[in-house]
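For the record, the sequence lines run as chains A and B.
So the first sequence is residues 1 to 114, counted in our numbering.
So the second sequence is residues 1001 to 1113, counted in our numbering.
These aren't lab readings, by the way, just hints derived from the structure by calculation.
Note that CB positions come from ideal geometry on N, CA and C, so glycine has one too.
Hints should not be assumed to be uniformly reliable.
Stated by the list, open to error - Here are the computed lysine-lysine pairs in the DSS-like style, where the Cα-Cα straight-line distance is at most 27 Å:
{"hint": "1", "chain 1": "B", "residue 1": "1057", "chain 2": "B", "residue 2": "1071"}
{"hint": "2", "chain 1": "B", "residue 1": "1017", "chain 2": "B", "residue 2": "1037"}
{"hint": "3", "chain 1": "B", "residue 1": "1108", "chain 2": "B", "residue 2": "1057"}
{"hint": "4", "chain 1": "A", "residue 1": "9", "chain 2": "B", "residue 2": "1017"}
{"hint": "5", "chain 1": "A", "residue 1": "9", "chain 2": "B", "residue 2": "1037"}
{"hint": "6", "chain 1": "B", "residue 1": "1037", "chain 2": "B", "residue 2": "1057"}
Stated by the list, open to error - Residues from chain A that face chain B, not an exhaustive set, calculated with beta carbons under 10 Å:
{"hint": "7", "residue": "2"}
{"hint": "8", "residue": "6"}
{"hint": "9", "residue": "7"}
{"hint": "10", "residue": "8"}
{"hint": "11", "residue": "33"}
{"hint": "12", "residue": "45"}
{"hint": "13", "residue": "83"}
{"hint": "14", "residue": "90"}
{"hint": "15", "residue": "97"}
{"hint": "16", "residue": "98"}
{"hint": "17", "residue": "104"}
{"hint": "18", "residue": "105"}
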Amino acid sequence: NAGVTQTPKFQVLKTGQSMTLQCAQDMNHEYMSWYRQDPGMGLRLIHYSVGAGITDQGEVPNGYNVSRSTTEDFPLRLLSAAPSQTSVYFCASSFSRTGETPLHFGNGTRLTVT
Amino acid sequence: KNQVEQSPQSLIILEGKNCTLQCNYTVSPFSNLRWYKQDTGRGPVSLTIMTFSENTKSNGRYTATLDADTKQSSLHITASQLSDSASYICVVILSGGYQKVTFGIGTKLQVIP
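Build out the structure end to end from the sequences listed, making use of the hints.
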């Protein structure tokens, strides 16, 4: 049981480049979400999805797009990378959106934008 | 000002000793509170969940407490082990579910031999 798998683990981009961070879960969870973790700040919600075909914005959505074509996959797209997007990105999933079941996190993607 | 504040920011203790981590929150309406453990280079892993009506909950050597009136929670670690070295994050989930979640910055714990 792999849980939540994120790829790549590390990535360096130049300003203006685009890329997709991959996230897949094998637990048949309906709720999936993306967070960024920056020094001196708590994890912040970027986008989330409550099921296939349904996505919505979180606290810090600007500069990012998501889609949810299947229950398993929830990729995060950076449209035009900026140095402010240098961060560690975590994907997470949960059986329930209500908070009654825990979030299961991937091991993160460390992104550097130069 | 973070609406979920944790203290101390960092802590060093000797192996075998106990420690207590604090979490104060101001966000509302409260649904539940979780403590997560995050090892270096890994994603957070849930340790405990506390709902509004619960005061204490244990998970092995970890015991969480909650005072919903004063909006304070603590995580007590008993007989610490080297593997307890990690960041411990307090997470408050509001009535809207995970769409309304606030993470603390975390307490970085180092257990030394």
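Checked hints:
For the hint pairing residue 1057/B with residue 1071/B, the CA-to-CA distance comes to about 16 Å; that is within 27 Å, so the pair holds. As the CA atoms of residue 1017/B and residue 1037/B are separated by approximately 18 Å, the hinted pair is consistent with the 27 Å bound. Proposed proximity of residue 1108/B and residue 1057/B is supported: the alpha carbons are some 22 Å apart, at most 27 Å. Restraint check for residue 9/A and residue 1017/B: the C-alpha separation of about 35 Å exceeds 27 Å, so the hint is violated.
Of the pairs offered as hints, the one joining residue 9/A and residue 1037/B holds, with about 20 Å between alpha carbons and a cut-off of 27 Å not exceeded. The hinted pair formed by residue 1037/B and residue 1057/B meets the criterion: a straight-line CA distance of about 16 Å does not exceed 27 Å. Below 10 Å, beta-carbon pairs count as interface contacts, and residue 2/A has none with chain B, the closest being about 13 Å; its hint is therefore violated. Below 10 Å, beta-carbon pairs count as interface contacts, and residue 6/A has one with chain B at about 8 Å; its hint therefore holds.
A distance limit of 10 Å between C-beta atoms decides the matter here; for residue 7/A the minimum to chain B is near 13 Å, and the interface restraint is violated. At about 14 Å, the closest approach between the beta carbon of residue 8/A and any beta carbon in chain B exceeds 10 Å, and the interface hint on this residue is violated. Evaluation of the residue 33/A hint against chain B yields a held restraint, the C-beta minimum of about 6 Å falling below 10 Å. About 7 Å separates the beta-carbon of residue 45/A from the nearest beta-carbon of chain B, less than 10 Å, and the hint is met.
Among the interface hints, the one on residue 83/A is violated; its C-beta lies about 22 Å from the nearest C-beta in chain B, farther than the 10 Å criterion. Taking 10 Å as the C-beta cut-off, the interface hint given for residue 90/A holds, the closest approach to chain B being about 5 Å. For residue 97/A, the interface hint holds, since its Cβ comes within 10 Å of a Cβ in chain B; the closest pair sits about 5 Å apart. A cut of 10 Å between beta carbons decides the hint on residue 98/A: the least distance to chain B is about 4 Å, and the hint holds.
For residue 104/A, the interface hint holds, since its Cβ comes within 10 Å of a Cβ in chain B; the closest pair sits about 8 Å apart. For residue 105/A, the shortest C-beta to C-beta distance to chain B is roughly 3 Å, which falls under 10 Å, so the interface hint holds.
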